[in-house]
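Listed in order, the protein sequences are those of chains A and B. In terms of this note's numbering, the first sequence is residues 290 to 722. In terms of this note's numbering, the second sequence is residues 12 to 154.
The set of hints was computed from the structure by calculation and includes no laboratory data. Keep in mind that the hints are not guaranteed to be accurate.
[Stated by the list, open to error] 30 Å max Cα-Cα, derived DSBU-like pairs, lysine-lysine:
1. K62/B x K704/A
2. K293/A x K494/A
3. K25/B x K71/B
4. K678/A x K149/B
5. K675/A x K99/B
6. K598/A x K612/A
7. K354/A x K612/A
8. K13/B x K99/B
9. K679/A x K652/A
10. K13/B x K679/A
11. K697/A x K13/B
12. K25/B x K655/A
13. K140/B x K679/A
[Stated by the list, open to error] Beta-carbon label-pair distances, calculated as ranges:
14. P362/A x S33/B: 53 to 61 Å
15. D650/A x E49/B: 17 to 25 Å
16. N90/B x M484/A: 53 to 61 Å
17. E49/B x Y363/A: 46 to 54 Å
18. I108/B x G689/A: 32 to 40 Å
19. P557/A x E109/B: 52 to 60 Å
20. E666/A x Q136/B: 30 to 38 Å
21. P386/A x N107/B: 41 to 49 Å
Note that the Cβ used here is the ideal one computed from N, Cα and C, for glycine as well.
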Amino acid sequence: MIWKEQVECADPADLKNLQSDYLRKLTAYIYNNCPVYKKKIDDAGVKPENVKSIDDIKKLPFTTKVDMRDHYPYGLFSTGQSEVREIHVSSGTTGNPTLVGYTKDDVKLWSDVMARTMCCAGAEPGDTIQIAYGYGLFTGGLGFHYGAMEMGLRIIPTSAGQTARQLKIMQEFKPRIIACTPSYALYMAEEARDMGIDPAKGNWKIGIFGAEPWSNSIRREIEELWNMLATDVYGLSEIIGPGVAQECPHKDGLHIFSDVFYPEIINPDTGEDVAEGEDGELVITTLTKQAIPLIRYRTRDIVSINYEKCRCGRTSPRISKIKGRTDDMIVVRGINVFPSQIEHVLVGIEGTQPYYQIVVDRKAHKLDEVEVLVEVEERIFSDEIKELKKLQDKIRKEIGSVLSIGVKVTLVEPKTIERSMGKSKRIVDKRTL
Amino acid sequence: MKITQISVFLENRKGRLFDVCSLLGENNINIRALTIAETESFGVLRIVVDKSNMAVKLLKDNGFVANLTHVVAVEVGDNPGGLASVLKVFADNDVNIEYMYGFVEKFSDKALLVFRFADTDMAQQILAKNDIKVVTEKEIEGL
Chain A
290 MIWKEQVECA DPADLKNLQS DYLRKLTAYI YNNCPVYKKK IDDAGVKPEN
340 VKSIDDIKKL PFTTKVDMRD HYPYGLFSTG QSEVREIHVS SGTTGNPTLV
390 GYTKDDVKLW SDVMARTMCC AGAEPGDTIQ IAYGYGLFTG GLGFHYGAME
440 MGLRIIPTSA GQTARQLKIM QEFKPRIIAC TPSYALYMAE EARDMGIDPA
490 KGNWKIGIFG AEPWSNSIRR EIEELWNMLA TDVYGLSEII GPGVAQECPH
540 KDGLHIFSDV FYPEIINPDT GEDVAEGEDG ELVITTLTKQ AIPLIRYRTR
590 DIVSINYEKC RCGRTSPRIS KIKGRTDDMI VVRGINVFPS QIEHVLVGIE
640 GTQPYYQIVV DRKAHKLDEV EVLVEVEERI FSDEIKELKK LQDKIRKEIG
690 SVLSIGVKVT LVEPKTIERS MGKSKRIVDK RTL
Chain B
12 MKITQISVFL ENRKGRLFDV CSLLGENNIN IRALTIAETE SFGVLRIVVD
62 KSNMAVKLLK DNGFVANLTH VVAVEVGDNP GGLASVLKVF ADNDVNIEYM
112 YGFVEKFSDK ALLVFRFADT DMAQQILAKN DIKVVTEKEI EGL
């Protein structure tokens, strides 16, 4: 079924009118309620009354991750904190983390787009969903929870981890839908086999997988292993969390809920639109959010867009799977990792020079692993193993606490990490995505 | 009398030990004693050579991380209980050994062992007090 047919299958002209109406209201709203945005809009030489149609969005300035960081915690909010009902925090780059907030109506919006997401994947009211995304400050668990509640699913809120228990719960309560990261779906298949469970005879028939990049070959692997339909969900906490775009069973692009999250695909260097179907940076405007609405937010995700009507009946445009990033961020087990975070730790530990490399790999047991190679320089070298181990441990603990994921630290000889004049090779991603 | 040991950081990578040894060999530096301490990802090679200053410069010039440490080379009777009698002196006097290893060759009928002490000066005093012979840098160079 289609949860909100009137917008998901709207006539493009009607949709444009709706978006234009929303944008006019949004521009006036943030101009009057958020001093940071007022200044940005003034600096761009635009008056809110000049924004009449959705096409006028090009007159408005971009919002970047740097804006979020510079105005941490509350600078980009358009409401007072007394109206905020929920906040989520994600680990930051070097300084501040990213804080997002939701009013009661924002949570309603989130519930609505997540209900659309699950319907788009093929869920029907009355189905049971096992939510194995982490519940907590990460938006994955609660986003799915709200949406499932809204559309009338029976929820099993297992959160992430405790794999044996996840599998027992699958067998006991027979949920037709599983929501988790794609790497966790692969990992659970191996655990199932070890427990003597044939994953192909499992109960899950629809998977809603996201929070990390994954390819069609991983999709085929998951679909064969679990004998299920594996769909891709896209979202980011700055926009709302999961629920920005979702694949339908045709698996031919992710339907972006463009009546509320207006997409533009731009050339990241010039800021100009690219042609339909060409790769560019996805930029999103949250047309109806209250607490922390964002105008032209640069997601740094590289996608292409397709405005053709889909065979499923939806007219909402489809974005491709993420094809890359404009920055060097990597996503590991649903956590954003920036090389600058690691650099920060290394510079802070006396004696280590900032020559390092991050190697991400998806080993046999299917979970992403991060290894940080650090060059040992002379003044920290000791003839005693215990001193070197101590250093290794210190780096490991400090990086682990900054990133909130465990990493392996390997000390290497100086000058063994590749130097280059241009973009340094800080990250080696060996995962087959 | 202290002698000089060279420690070299070695990545756990094929051929690294060979690289060090062949570099020293090509430059006519003789290894007298050697040990490797290893972890799962890296190792530390510790060597005593006949020309330590030259060797450490050579290693650094060739991109190795190397440093000099003071150790003590002790003569130990090459007979059952020989090492134990020396270790007893250390134990009785609270001398802490960080690590130890044997020489490749010997220059008398006694065995030679390299000791790295937590407190080298104190260890030397104890050795002298107990009439245990230590080998000098000169003797090492002449080996």
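Comparing the hints with the structure gives:
1. K62/B x K704/A: Cα-Cα ~26 Å, so holds.
2. K293/A x K494/A: Answer holds: K293/A to K494/A is near 23 Å, not above 30 Å.
3. K25/B x K71/B: 20 Å, holds
4. K678/A x K149/B: This hinted pair is violated, its Cα atoms lying about 34 Å apart.
5. K675/A x K99/B: 25 Å, holds
6. K598/A x K612/A: With Cα atoms ~22 Å apart, K598/A and K612/A stay inside 30 Å; holds.
7. K354/A x K612/A: 20 Å, holds
8. K13/B x K99/B: 21 Å, holds
9. K679/A x K652/A: 26 Å, holds
10. K13/B x K679/A: 27 Å, holds
11. K697/A x K13/B: 38 Å, violated
12. K25/B x K655/A: 28 Å, holds
13. K140/B x K679/A: Violated - the C-alpha atoms of K679/A and K140/B are around 35 Å apart, more than 30 Å.
14. P362/A x S33/B: 53 to 61 Å: With Cβ atoms ~59 Å apart, the hint holds.
15. D650/A x E49/B: 17 to 25 Å: Cβ of D650/A to Cβ of E49/B: about 23 Å, so the range 17 to 25 Å holds.
16. N90/B x M484/A: 53 to 61 Å: Roughly 60 Å apart at Cβ, these two residues keep to the hinted range, so it holds.
17. E49/B x Y363/A: 46 to 54 Å: 53 Å, holds
18. I108/B x G689/A: 32 to 40 Å: 34 Å, holds
19. P557/A x E109/B: 52 to 60 Å: Holds, since P557/A and E109/B (Cβ atoms, about 55 Å apart) stay within the stated range.
20. E666/A x Q136/B: 30 to 38 Å: Since the Cβ atoms of E666/A and Q136/B sit about 35 Å apart, the hinted range of 30 to 38 Å holds.
21. P386/A x N107/B: 41 to 49 Å: Check passed, 45 Å falls within 41 to 49 Å.
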